[in-house]
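Undergrad: Read off the chains here:
2 protein chains.
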Amino acid sequence: MFTQINYPSPTDYARLCERPALEQAALGSLIEGVFQKVQTEGDAALRELTKNYENRNIDSILYTPEEIEKYAAKTEPNLQKAIKHAYDNIYAFHNAQKLVSAKIEINPGVVCWQKATGIDKVGIYIPGGTAPLFSTVLMLAIPARIAGCLEVVLCTPAEHPAIFYAAKLCGVTKMAKIGGSQAIAALTLGTESVPKVYKIFGPGNQYVTAAKMYANRLGTAIDMPAGPSEVAVYADSEGVPAFIASDLLSQAEHGVDSQVFLVSTDERIIQETFLAIEDQLKELPRRELAEKALLNSKFILVATEKEAADLLNEYAAEHLILACKNPEAFADQIRNAGSIFLGNYTPESAGDYASGTNHTLPTNGFARSYSGVNLDSFTKKITLQSISKVGLSHLGNTIIDMAEAESLQAHANAVKVRLK
Amino acid sequence: MFTQINYPSPTDYARLCERPALEQAALGSLIEGVFQKVQTEGDAALRELTKNYENRNIDSILYTPEEIEKYAAKTEPNLQKAIKHAYDNIYAFHNAQKLVSAKIEINPGVVCWQKATGIDKVGIYIPGGTAPLFSTVLMLAIPARIAGCLEVVLCTPAEHPAIFYAAKLCGVTKMAKIGGSQAIAALTLGTESVPKVYKIFGPGNQYVTAAKMYANRLGTAIDMPAGPSEVAVYADSEGVPAFIASDLLSQAEHGVDSQVFLVSTDERIIQETFLAIEDQLKELPRRELAEKALLNSKFILVATEKEAADLLNEYAAEHLILACKNPEAFADQIRNAGSIFLGNYTPESAGDYASGTNHTLPTNGFARSYSGVNLDSFTKKITLQSISKVGLSHLGNTIIDMAEAESLQAHANAVKVRLK
Numbered sequence: 077m078f079t080q081i082n083y084p085s086p087t088d089y090a091r092l093c094e095r096p097a098l099e100q101a102a103l104g105s106l107i108e109g110v111f112q113k114v115q116t117e118g119d120a121a122l123r124e125l126t127k128n129y130e131n132r133n134i135d136s137i138l139y140t141p142e143e144i145e146k147y148a149a150k151t152e153p154n155l156q157k158a159i160k161h162a163y164d165n166i167y168a169f170h171n172a173q174k175l176v177s178a179k180i181e182i183n184p185g186v187v188c189w190q191k192a193t194g195i196d197k198v199g200i201y202i203p204g205g206t207a208p209l210f211s212t213v214l215m216l217a218i219p220a221r222i223a224g225c226l227e228v229v230l231c232t233p234a235e236h237p238a239i240f241y242a243a244k245l246c247g248v249t250k251m252a253k254i255g256g257s258q259a260i261a262a263l264t265l266g267t268e269s270v271p272k273v274y275k276i277f278g279p280g281n282q283y284v285t286a287a288k289m290y291a292n293r294l295g296t297a298i299d300m301p302a303g304p305s306e307v308a309v310y311a312d313s314e315g316v317p318a319f320i321a322s323d324l325l326s327q328a329e330h331g332v333d334s335q336v337f338l339v340s341t342d343e344r345i346i347q348e349t350f351l352a353i354e355d356q357l358k359e360l361p362r363r364e365l366a367e368k369a370l371l372n373s374k375f376i377l378v379a380t381e382k383e384a385a386d387l388l389n390e391y392a393a394e395h396l397i398l399a400c401k402n403p404e405a406f407a408d409q410i411r412n413a414g415s416i417f418l419g420n421y422t423p424e425s426a427g428d429y430a431s432g433t434n435h436t437l438p439t440n441g442f443a444r445s446y447s448g449v450n451l452d453s454f455t456k457k458i459t460l461q462s463i464s465k466v467g468l469s470h471l472g473n474t475i476i477d478m479a480e481a482e483s484l485q486a487h488a489n490a491v492k493v494r495l496k
Numbered sequence: 077m078f079t080q081i082n083y084p085s086p087t088d089y090a091r092l093c094e095r096p097a098l099e100q101a102a103l104g105s106l107i108e109g110v111f112q113k114v115q116t117e118g119d120a121a122l123r124e125l126t127k128n129y130e131n132r133n134i135d136s137i138l139y140t141p142e143e144i145e146k147y148a149a150k151t152e153p154n155l156q157k158a159i160k161h162a163y164d165n166i167y168a169f170h171n172a173q174k175l176v177s178a179k180i181e182i183n184p185g186v187v188c189w190q191k192a193t194g195i196d197k198v199g200i201y202i203p204g205g206t207a208p209l210f211s212t213v214l215m216l217a218i219p220a221r222i223a224g225c226l227e228v229v230l231c232t233p234a235e236h237p238a239i240f241y242a243a244k245l246c247g248v249t250k251m252a253k254i255g256g257s258q259a260i261a262a263l264t265l266g267t268e269s270v271p272k273v274y275k276i277f278g279p280g281n282q283y284v285t286a287a288k289m290y291a292n293r294l295g296t297a298i299d300m301p302a303g304p305s306e307v308a309v310y311a312d313s314e315g316v317p318a319f320i321a322s323d324l325l326s327q328a329e330h331g332v333d334s335q336v337f338l339v340s341t342d343e344r345i346i347q348e349t350f351l352a353i354e355d356q357l358k359e360l361p362r363r364e365l366a367e368k369a370l371l372n373s374k375f376i377l378v379a380t381e382k383e384a385a386d387l388l389n390e391y392a393a394e395h396l397i398l399a400c401k402n403p404e405a406f407a408d409q410i411r412n413a414g415s416i417f418l419g420n421y422t423p424e425s426a427g428d429y430a431s432g433t434n435h436t437l438p439t440n441g442f443a444r445s446y447s448g449v450n451l452d453s454f455t456k457k458i459t460l461q462s463i464s465k466v467g468l469s470h471l472g473n474t475i476i477d478m479a480e481a482e483s484l485q486a487h488a489n490a491v492k493v494r495l496k
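Line order of the protein sequences matches chains W and S.
Numbered per my numbering, the first sequence spans residues 77 to 496.
Numbered per my numbering, the second sequence spans residues 77 to 496.
Extracted from the complex, chain W is given alone in its bound form:
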């Protein structure tokens, strides 16, 4: 089941870090058809498509506040407590990300600053399927609330009580019973019941992913491009094979396309991790998924910590776990990753649920250019400037010389008319 790769040359790093080609399912005309139908028929299209694709009858598109209340109350008390704990931690971490705006006097009389404002209307998609992702409700609706988004529309075909509980706790403003590409179409275009939003967040299957890409082409922002979830672990002799195995399996159980990557300077760690994985696999309910995912896994032995860091910067993991001596010094060498977990007692699942960091992170190497979801994702930063007449006189010649050199005379005139 396991492939161990020994001492690859740096020229092999790029190849080793390649992810399987994303299947860009040929869904173009199907998605376009769904959008067209939702555009022309609105709520009626949502009812019909939900019946056809999911065999669910929905009459009203939105849940009423009473329904949300009723379903939320069915959440187990223990789970309610856990969700509240996670809520507090996620809130605290994202609230600390608020822009501290300071006015800067760039030149005498020239004052510039930034302010952050929430995106007025956002949509959150939570898939149905085997795992009811109420944790993702927290990860998206909490920063939306902190950002001050006015309308937060949650679409989900899932019906687990904890999704309602989390939505209520986070102040979601509307909750729709719809899923799939038709939910993304509704958020993009708006219908009688579903408000048109400016940005759409959340995971989903290939239909949802394709619909989000299509929405993006129509001008609606999206959180980030999607790809299969992944973890990379770096371990030296300090690593604990049983812990490493549990982290690799947490990733592998997500789905057959999950990516698992272990880089170590210590062959013993790799070998013992193999044994620990086999041992822990036996008792996993989602064992079959995990086993299939492990077929794509890579276990790479490198000579030095420096090589490990180079390889991991090339890989740009969604999750990077550092099971090594002085993990903070190692983390300082990492330029590309979604989220980094330092030390033996920091499992990925802490960040997945409860430590406070966000679990919506860039996969598929997108950590080279994208951040994970954070408070910024729900805000825009607006620049402001206030210039006095004296201030403008300091800038005047610079503006005029540059504008005239760019052949933009009216730009120069806007200064001249004010200073004459």
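Source of the hints: derived by calculation from the structure; they are not laboratory data.
Some clues are possibly wrong.
Identical copies carry no separate label here, and so any pair may be met within one copy or between two of them.
Unchecked claim - Pairs of lysine-lysine residues, derived as PhoX-like cross-links and limited to a Cα-Cα distance of at most 25 Å, are as follows: (1) K179 / K401; (2) K358 / K492; (3) K244 / K272; (4) K160 / K179; (5) K179 / K465; (6) K465 / K401; (7) K174 / K191; (8) K457 / K127; (9) K191 / K457.
With chain W fixed as given, assemble chain S onto it according to the hints.
TA: For chain S alone, kept in the frame of chain W given last:
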């Protein structure tokens, strides 16, 4: 030439704020062909396409450092001085945007923080054409330098000395002689001479725009979706018609599709602005462009400041100029805009060139969901966490309860194996 609209009802705001439909030129197969050719033939394709599309013969694709030095030196001394002044201001404003990272102890023994790292490789496109946009070199290459991007590749068919001067000043690492969709293809795919980058910035014509959208679909990040440039001015009786006219004309001279929007509570201001525009137009070299752009302009009389703010929030202008009493109080009501210019002595051209703020801003209503380019645009924010065994014991039950409710047993095991 001018359309004045009096006291529209709030139900008309959305329609009044509509931009002309973006012409999504049917360039799909052309762009795909260019990308395919660059993919298979590399530098040779760039030479051939540059000959065919632009009738320029280029032998080497990159400028040598000596060539850059030589061309840069031809910049007029006055213009050098202006560019240095602008450089210092833009540097100061963007440098102040650095993330101040603070570790947060979310629960006892649970410490989370963020760090920002530069995107390793970025591409900047600067178009040829009538206006040599050396100012845009500053706006993109300065934050790239502050962010710590390792490779900054500038592609441009333009040959104005100031572009070389600005590139050198900002520490651009490579400069390529290529333009059009082939330049975007080279940055996306890499060739023998041009490095493959992770994110592409900069303005361009419809071919460049379509190529950037295509690059984005292939997984390369882009700065933001493109649209025609635009300004909105809000003026009450405090506004000065000659100043307002000069700002509207600065926008109108950009191109025939530029958008110009004046909202006022004072009909006298609108009428006098009409006269001032006619007066100032006479002497503009780009008069024809500006006149055509003004055909799309809107001059809207509203009853109250509140209505003006509502209308402007709906419009979400790229540039918003506030020529009114207490502009700061008015700015507090604005949730959607790219950049806001406060008071009678703050023309848009100050921000276009020299005050320090960035001029690459969201157009076409994208200010509802996108920020303008800022330091964030060149960085990723990575989250980090370090949890002690005691810390994990505080989170343990929460993680386990949530993971098990989501049917993700291996996620729960990753905690159990560490705490047993």
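Undergrad: Up to 25 Å between alpha-carbons, please classify K465 paired with K401: within, between, both or neither.
TA: between (59 Å within a copy, 16 Å between copies)
Undergrad: 25 Å Cα cut-off: does K179 pair with K401 within a copy, between copies, both or neither?
TA: between (42 Å within a copy, 20 Å between copies)
Undergrad: Have a look at K457 and K127 and pick one of within, between, both or neither, based on CA distance no larger than 25 Å.
TA: Answer is neither: 41 Å inside a copy and 42 Å across each miss the 25 Å cutoff.
Undergrad: When no copy is specified for K191 and K457, does a C-alpha distance of 25 Å or less occur within a copy, between copies, both, or neither?
TA: Both: 6 Å inside a copy, 19 Å across copies.
Undergrad: Quick one: K358 to K492, C-alpha cut-off 25 Å, is that within a copy, between copies, both, or neither?
TA: Intra 78 Å, inter 16 Å, cutoff 25 Å: inter-copy only.
Undergrad: Using 25 Å as the alpha-carbon threshold, which applies to K174 and K191: within, between, both, or neither?
TA: both (10 Å within a copy, 15 Å between copies)
Undergrad: With identical chains, the pair K244 and K272 could be close in the same copy or across copies; at 25 Å between alpha carbons, which is it: within, between, both, or neither?
TA: Answer is within; shortest intra-copy Cα gap is 21 Å, inter-copy 45 Å.
Undergrad: First find the shortest C-alpha distance between K160 and K179 inside one copy, then the shortest across copies, and answer within, between, both or neither for a cut-off of 25 Å.
TA: between (37 Å within a copy, 22 Å between copies)
Undergrad: Indicate which option fits the pair K179, K465 if close means a Cα-Cα distance not exceeding 25 Å: within, between, both or neither.
TA: Close inside one copy (18 Å), not across copies (43 Å); limit 25 Å.
Taken one by one, the earlier hints fail for this structure only at number 8.
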